[in-house]
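Residue numbers (the numbering used here), protein chains in the order written: chain A, 1 to 757; chain B, 1 to 159; chain C, 1 to 291.
It is worth saying that the hints were derived from the structure and are not from the lab.
Positions of the beta carbon are idealized from the N, C-alpha and C atoms, including for glycine.
Heads up, some of the hints might be wrong.
Claimed, not checked - Facing chain A, from chain C, some residues (calculated, C-beta under 10 Å): (1) I189; (2) D192; (3) I262; (4) E267; (5) K278.
As the list claims (entries may be wrong) - Anything over 12 Å on all C-beta distances counts as not near chain C; from chain B, calculated: (6) E15; (7) D30; (8) L93.
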Amino acid sequence: MSNYTVIGKRVHRIDGTEKVTGNAKFTFDLVLSNMLYGKILRSPHPHAKIVNLDTTQAEKLIGVKAVVTGKDTLGRKNGIWRRFPELCDEEILCRAKVRFVGDPVAAVAAIDEDTAEEACQLIRVEYEELPAVFDPLEAIKEEAPQIHEGVELNINVTRHIEWGDVDEAFKRCDYVREDRFKTSSQHHVCMETHDAVASFDYNGKLTVWTSTQSSYYIQRLLADMLGLREGDIRVIKPPTGGGFGSKFELDSAQFCASVLSMKLCRPVKIVLTRAEEFTATKRRTPMHYFSKLGAKKDGTFLAKEVRVLTEGGAYTGMGATALYLTGFFSSFPYKFPNYRYDGYRVYTNTAPTSACRGFGAPQSTFVGESQIDMLAEALGIDPIEIRRKNGMTPNYEVPGQAFIQSCELHQCLDKTEEQIKQRGKLPPNHGIGVACYGFMSGGIFNWFDTPYAFSSALVRINIDGKVDLFTGACEIGQGSDTTLSMICAEELGVRLEDIRIHSGDTGICPADLGSWGSRETLMNGNAVKMAAADAKRQLMAFAAAKLGANIVYDLNMTDRWFHLVDRPERGFSYYDIVKGVIRGNDGEAIIGRGHYTPHRKGMISPAYSFGVQAVEVEVDPETGRYKLVNVSTAHGSGKVINPVGIEGQLEGAIMMAGGYGFCEDQPMDNGKILNPSFDDYKLIRSLDMPEVKILEIESYEPEGPFGAKEAGEGLTNPTAGAIGNAIYKAIGVRINDLPITPEKVFRALREKENQGK
Amino acid sequence: MKKELRFTVNGEAYELYVKPKSLLMDVLRDQLGLTGAKRSCDTHTCGTCTVILNGLAVNSCSILALQANGGEVLTVEGLAEKTKLHPLQKAFLDYGSFQCGFCTPGMLMAAKALLDKNPKPSKEQIKEAIDANICRCTGYNSVIRAVTAVVNGEYEEAK
Amino acid sequence: MIRDFEYFAPKTLEEALTLLDKYRDNRKIIAGGQSLLKLMRHGLVNPQYLIDIKGIFDLNYIKSEAKKGLRIGALTTHWAIEESPLVRNGFSILAEMERKLAFIQIRNWGTIGGNLCHADPAQDPAPVLMVLNATLRTVSLKGERTIAVEDFFPDYLQTALGPNELLAEIQVPTVPSHTGTAYTKFNIIENDLATVGVAVSITLSPGADECQDIRIALGASAPTPMRAKRAEAVLRGKKITDDLLTEAGEVASAEAEPLSDINASEEYRRQLVKVLVKRIGKEALTKAKQA
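Chain A extracted, bound-state conformation:
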């Protein structure tokens, strides 16, 4: 099946024209009649008891319609790891205690934003400040203040992964090295901040329009927190301005808007400011890493031991998953016969850390790839050669953890090596660094405790042949609407323009866990393919009967034409078949159903992407400033369904991953984030963006629809490590803590000079 009519083609995005004309209405643009505007009052303290909360002055302000506090909620605690009540620790609207600067304590609904903001300033909160702790290394000590009742040493979650016998294996190694690393915070920086319009009606039904990666999760979590029946809540996802992992948990905008709306039976809109976005929404988990790597003198890896302490922030969120994945991906993408990981997530009085594109893997890849280069140098082995020697191959089993089917790592290494050779001799102070990675295509975990299939889809074929595709998958910019429509069209045998997709609306779409962990193409793609196949079977049955061909002949439909595979001129038009089937169904439209849940796919994921990135830097040795000159990426994402989409992910990831390595961070003082604006939060803009080269890789993943697997997150993993390796190659200094700023490079150079003297 190598001749596809839809997939693999360069197409316009399904939602393209509305976005380029400015007609796309985001939650940010939504205005409903009788709507009010909400603002949230947040704690200025990192750790404090709420002694008294007086809202009377705020309530009196003209234009204010309602003020709510924790007392107006059911006092429940929200958490996305619903199967583990001890990890559901976030009230959102705090009742007795605040745990980070930015923790919400009240919310106001008023006739406009300015009035709501003014009212917030009139709310009098009396706090009793408590000792606070910010560094997980401090928080884990006996004397540290306890952030959550009953949680000893502030240890929120621990994780252990092990196979083989590392202690014994280290003894057999010719070379062992131990290194410490520190990775930084990063913010998702979605261009659309968290926002929601909540509307509770007189029938007790709540509708929420919100910028989200999972309307189903928000529906379920709102039901938990508000005490409403899940079916009485409808969550609708309008065009959404980015997610990157920040928008599939219940957030303060959604919750407070809902609470306010329930008090008033009027729509309430809350849009977080950029400052709130930076300080009071979840962010990438900073981690302290200890990594021990052992190999034989020919470069064969024998053992790896990793210990990680992560800065959890005030609440769990998805931090437990980041802890697990960083431990798992610390073993990627190499064959370690012996491996041990121990991870500890520690509560701190800082903004909670959670899911952020790559989900623990950018951290582990930075550490792993830096250390491999150090090992390679010590052993006198070429960095690509050592990776080739140990890299995963197709059909490899990570002992007790995962079964890797497709794996393009070696192809990627070959292409990258060729690309580097072509570059030729580098000018002075230039260096090229390489990093390998692998990532999951959706997780097998059900800590959310859903009874539904992980992905579901419904296809409805109408009398005129137009196909309605209903899916819970959430288009957040990553292109799932387009990719899933392409899969549907290909499977059915029609054209892309025949598909009209309805996504992300819990009122009409079947449940889907959402767009995170890079799951949509594989998981929802499989569900969509199944639904399309189900619908197609009904058409085929009728067509076969109508055609009356001998049983030995195969039938198919491609490009709206039912035909014998061997004699394509014998057939019928799709439109005729559709009419016939509907008539045969007593006038009922044709429905196809599909779903997908991974079963027996190991501990992590049904499939993994692999890739290699090479980054060239130019360093100014007198100042430490460096430029990202060019980046080449070879990424194996199985069969490419949507080439324009994959290129976009490839290039876009470099902006975010490059920033993670180079300039993005959230320094704090006493738990207060010091750079909550684009003035001070530096990120890569067009003038800073390097030249990008995409090295094409062909592959096929049996688990995925038409052989496809992930592309969105794996690409975020390698850049920081490649930058670190490139700087070392350029000027011989290594930085073990992110981001690698010019000042750090300068200091390392000066220390090297002083040591030389």
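Keeping the supplied structure of chain A fixed, place chains B and C upon it in accordance with the hints.
Here is chains B and C on its own, set in the frame of chain A:
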């Protein structure tokens, strides 16, 4: 006390009464319903609110609406001519120069302002023109390719 | 959030000065607003009266007066300065500085006067104007004054403007022959505010290779834009060599009073001053030799 604001937006004349503290962005979005320009920051540093005022690309969130009095504003809604998309819009579609779409109106207007002033910019000049416009999704290079394609005449003459 | 204010939009300098005189307290002047509006949106500045001078066309000009030099109205936008043939042909360093000042959108609406009056020590115009020996003409109902740019910033975020004075004009004298001027700013990402800014102007004595005059100005290296006079003394009257430039860099580095902040430590800023004074000095010298 509200003051009179008379200006042209996308070729249409308007006479409004606005509070002096109103920002140009808020008047365009809230009073005229032109929601293309967005707000993504509070420090004039993200570019999502870029519109063209008197032929110049500006951040509409950093300008008092009254400063546009007597002026001409062009927003993304004014790019297409009825059903005919502007060459930049077509190029963006062809080159996949957007994903979530939130920064896209601002990006398009920054590019249009550049081409209005300089129909044959260099790659460096294109990068400079969109440097204010943060895009978290695309990594900018596809935007540059699209604008370059328009510059090279791959579409109808840029307006 | 921006609080309500009473708004005035004078069309002439006279009207503006009268308003300044009438509303002395709780008032602010807005030109392009690229700096002020940010402060107002964050509630850091809440004027009761706002005087919008952006529409005063009399203050928006670029003129060249023979033998005297360039005259730039305070309300000239950064973009206009960058594009002006008058500026490019005699004072190209100003055009180069304007081009890197900030994003295009800000340069298109922001004014040079507004930028100077905001008095940010990291701003670009001040160091460049200092090495060009520029002066500023200020006006009030009582009359005019001329202030040297280097005397315009008495303290952090403060200007030497009197309470009812307006900055009207920037005066840049004709650049003497055998003069080379160069400017750079160090930032982590392009178009960003300076982590450190350095401007150098070198005038060589005619015929000889001697440094007849030198001016070194630093941005983001002290609470205000500053002249590095001790560093200048290292080079003035001498034949400039690479070693001397290195020494001047070291002296400038010691002379500066940079702060530590989240973008850079004091120590790193001093290192940047040291390196950039040397480099920009070299660039200015090369230009002076070619002039």
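Here's how the hints hold up against the structure:
no.	hint	verdict
1	I189	holds (5 Å)
2	D192	holds (7 Å)
3	I262	holds (5 Å)
4	E267	holds (9 Å)
5	K278	holds (9 Å)
6	E15	holds (17 Å)
7	D30	holds (14 Å)
8	L93	holds (25 Å)
No hint from the list above goes unmet by this structure.
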